[in-house]
Each structure stands twice: as structure tokens, then as C-alpha cells.
Amino acid sequence: MEPRSSQNPAESGGVLTIEPTAGRAVGLPPVPLHEWDVPAGDGGDDCDVVVTDARWHGAVPGIAALVRRTARAAWGGDAPGPVTIMLDNDRAIRRLNARHRDRNKPTNVLTFDYPGGLPGGDIMIALETVRREAQAAGRPIRHHLMHLVVHGILHLRGHDHHQAGEARRMEMEEARILGRLSVPNPWKYRPGAPSGLMGDGQ
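So that you can map any letter, position 191 of the sequence shown is 191 in UniProt numbering, and since no number is skipped, the others follow by simple counting.
If you're looking for bench data, these hints aren't it; they were derived computationally from the structure. Be careful, since some hints might not be right.
[Unchecked claim] Estimated spans, in silico, between C-beta atoms of each pair:
| id | residue 1 | residue 2 | range |
| --- | --- | --- | --- |
| 1 | 58 | 167 | 27 to 37 Å |
| 2 | 103 | 167 | 13 to 23 Å |
| 3 | 159 | 69 | 19 to 29 Å |
| 4 | 167 | 100 | 20 to 30 Å |
| 5 | 61 | 165 | 20 to 30 Å |
| 6 | 159 | 100 | 18 to 28 Å |
[Unchecked claim] Cross-link-like lysine to any residue pairs, in silico, SDA-like; alpha carbons within 20 Å at most:
| id | residue 1 | residue 2 |
| --- | --- | --- |
| 7 | 105 | 143 |
| 8 | 188 | 167 |
| 9 | 188 | 139 |
| 10 | 188 | 169 |
| 11 | 105 | 128 |
| 12 | 188 | 157 |
| 13 | 188 | 136 |
| 14 | 188 | 173 |
| 15 | 105 | 116 |
| 16 | 188 | 176 |
| 17 | 188 | 140 |
| 18 | 105 | 132 |
| 19 | 188 | 105 |
| 20 | 188 | 141 |
| 21 | 105 | 136 |
| 22 | 105 | 91 |
| 23 | 188 | 128 |
| 24 | 188 | 165 |
| 25 | 105 | 117 |
| 26 | 188 | 104 |
| 27 | 188 | 134 |
| 28 | 188 | 143 |
| 29 | 188 | 135 |
| 30 | 188 | 142 |
| 31 | 188 | 166 |
| 32 | 188 | 170 |
| 33 | 105 | 94 |
| 34 | 188 | 172 |
| 35 | 105 | 90 |
| 36 | 105 | 131 |
Treat the numbers as computed from the prediction; the structure is a model and nothing was measured. The beta-carbon is built from N, C-alpha and C at its ideal position, and this holds for glycine as well.
With these hints in hand, go ahead and build the complete structure from the sequences.
Listed below in C-alpha cells is the structure:
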């Protein structure tokens, strides 16, 4: 595959929508985007948004601009390199989760670094899981989506949550970034609603 920087910009200005076929969203092959040929965006901020399940447009109006704005906020002054954010569904994310993590079930977000130490990476987000989690937590789906975009970018910046101390630092950074975007702290307890990412890493 050619390096991302050598690909032609998408006509849509960095947003590629793969249209549904026969009433269903097109499912992607069970591989991260860096392993197949998706056109790069306009190069302005190195963030491409790929909508592979058209239901995202109805769930979150203005989704591409929202995702790009959220990604830029999460980068701060330390952009991790070119990033593709794919908005897909449980079926596609389940295949990726099974192939790359041996977990044959959907999850809310998957993040893949580019191979060979290249900067940047791919972030995949599953619509049905995000919708369920947002409803269970009593928060708007757009806020939960923004949280997952921030979470994925922080992984690309080297953050992790395998140990309690790491997880706490990552949660605090997520809350700080989301606060700048006027999104309430997802980690703050609200009676009757679970907090956090719930499905992340499951």
C-alpha cells in the first residue's frame, strides 16, 4: 500500500461516506483501515472521517465536523500523526475485535497504531454499542461519541488504562479535554447511571 501522504484527497474534503447497499450498510473487511486503500482527506489537519454505516448521520447530525473538532481538541499541540476515524457498526467492529484481540464480540472503540512505528493510526467506533451505552448512562449519544474519539486519540498519544494509576491519569485527561468542549465529565458519578466507557477493552 502507498504511504498515506501519497494518496489523493477525497472529493468530500476528508469525509468518505460508503453508501448502503440493498438497505444495509456496507460492512468493511475485518482489517484496520491502514491495511486497505481509503483515500486521504484534505490534509489540513490529518484527520479523515469515514462513515461506513449511514445510520450515524441520523444519530448525530453534523457528525463529521463534530468528530474532527473533537479529534483536534484531543490532539492539542501534539498531533499523533494522520488519523482515520471510522464510524461503523457492531458487526464490523466485532470482526475486528475477534481478528485482532481474540474477542468475538463488539466493543465501543478500537484503536490501531500504524505499523512500523509510523505516527498516527486508525480509530473504529461501533454505532449500536455507542447508542446502548449512551442510553444506559443517560447521556446524549454525541457526548459519548466525543468521549470515544478523545479516548482513541489519547491511546495514539501513548496513554493506556491497564493499571489503576494509568487509568486514572487517562480519565482525568479525557475529562479535561471534554470539559473544554462543554461535555460533562463522563467519569463523574450520577445516581442511577453508570459512568465511563463500559465496553472499552472488553
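Now for the hints, and whether the structure bears them out:
Remark: the range hint 27 to 37 Å for residue 58 to residue 167 is upheld by a beta-carbon distance near 33 Å. Against the hinted window of 13 to 23 Å, the Cβ-Cβ separation of residue 103 and residue 167 comes to about 19 Å, which satisfies the hint. The hinted window of 19 to 29 Å between residue 159 and residue 69 holds, with their beta carbons roughly 20 Å apart. The hinted range of 20 to 30 Å is satisfied by residue 167 and residue 100, whose Cβ atoms lie roughly 21 Å apart.
Between residue 61 and residue 165 the CB atoms are about 38 Å apart, so this pair departs from the stated range of 20 to 30 Å. A hinted range of 18 to 28 Å for the beta carbons of residue 159 and residue 100 is consistent with their spacing of about 19 Å. Only pairs whose Cα atoms come within 20 Å are accepted, and residue 105 paired with residue 143 is rejected, the gap being roughly 23 Å. Simply put, residue 188 and residue 167 have alpha-carbon atoms about 14 Å apart, close enough for the 20 Å limit, and the pair holds.
Distance restraint check for residue 188 and residue 139: the Cα-Cα separation of roughly 12 Å lies within the 20 Å cut-off, and the hinted pair is therefore satisfied. Only pairs whose Cα atoms come within 20 Å are accepted, and residue 188 paired with residue 169 is accepted, the gap being roughly 14 Å. Distance hint between residue 105 and residue 128 is fulfilled; the C-alpha atoms sit about 12 Å from each other, no more than 20 Å. Restraint check: the Cα-Cα separation between residue 188 and residue 157 comes to about 23 Å, which exceeds 20 Å; the hinted pair is violated.
A distance of roughly 15 Å separates the Cα atoms of residue 188 and residue 136; the hinted pair therefore holds under the 20 Å criterion. Proximity of residue 188 to residue 173 is assessed by CA-CA distance (about 13 Å); at most 20 Å being required, the pair is judged to hold. Between residue 105 and residue 116 the CA atoms are separated by roughly 28 Å; this puts the pair beyond 20 Å, and the hint is violated. Distance restraint check for residue 188 and residue 176: the Cα-Cα separation of roughly 12 Å lies within the 20 Å cut-off, and the hinted pair is therefore satisfied.
Among the hinted pairs, residue 188 with residue 140 is consistent with the structure: their alpha-carbon atoms are about 15 Å apart, no more than 20 Å. Between residue 105 and residue 132, the direct Cα distance comes to roughly 15 Å. Compliance with the 20 Å bound is thereby established for this hinted pair. For the hint linking residue 188 to residue 105, the alpha-carbon distance of about 27 Å lies beyond 20 Å, and the restraint is violated. Only pairs whose Cα atoms come within 20 Å are accepted, and residue 188 paired with residue 141 is accepted, the gap being roughly 17 Å.
Note on residue 105 and residue 136: the hinted pairing holds, with a Cα-Cα distance of about 19 Å set against a maximum of 20 Å. Restraint check for residue 105 and residue 91: the C-alpha separation of about 8 Å stays at or below 20 Å, so the hint holds. For the given pair, residue 188 sits about 23 Å from residue 128 by alpha-carbon distance, which is inconsistent with the 20 Å threshold. Between residue 188 and residue 165, the direct Cα distance comes to roughly 17 Å. Compliance with the 20 Å bound is thereby established for this hinted pair.
At most 20 Å may separate the alpha-carbon atoms for a hinted pair to count; residue 105 and residue 117 exceed this at roughly 28 Å. A C-alpha spacing of about 30 Å is found between residue 188 and residue 104, which places the hinted pair above 20 Å, so the restraint is violated. Distance restraint check for residue 188 and residue 134: the Cα-Cα separation of roughly 14 Å lies within the 20 Å cut-off, and the hinted pair is therefore satisfied. This hinted pair checks out: residue 188 and residue 143 have alpha carbons roughly 14 Å apart, not beyond 20 Å.
Simply put, residue 188 and residue 135 have alpha-carbon atoms about 16 Å apart, close enough for the 20 Å limit, and the pair holds. A hinted pair counts as satisfied when its Cα atoms are at most 20 Å apart, and residue 188 with residue 142 qualifies at roughly 18 Å. Taking the CA atoms of residue 188 and residue 166, the gap is near 17 Å; set against the 20 Å cutoff, the hint holds. About 14 Å separates the Cα atoms of residue 188 and residue 170, which keeps this hinted pair within 20 Å; it holds.
In summary, the hint linking residue 105 to residue 94 is supported, as the alpha carbons are separated by about 5 Å, within the 20 Å threshold. Taken as a hint, the residue 188 and residue 172 pair is honoured in the structure, with Cα atoms around 10 Å apart against an allowance of 20 Å. Straight-line distance between C-alpha atoms of residue 105 and residue 90 comes to about 8 Å, which keeps the hinted pair within the 20 Å bound. Pair hint residue 105 plus residue 131 holds up; C-alpha atoms about 16 Å apart against a cutoff of 20 Å.
When held up to the earlier numbered hints, the structure conflicts with 5, 7, 12, 15, 19, 23, 25 and 26 and fits the remainder.
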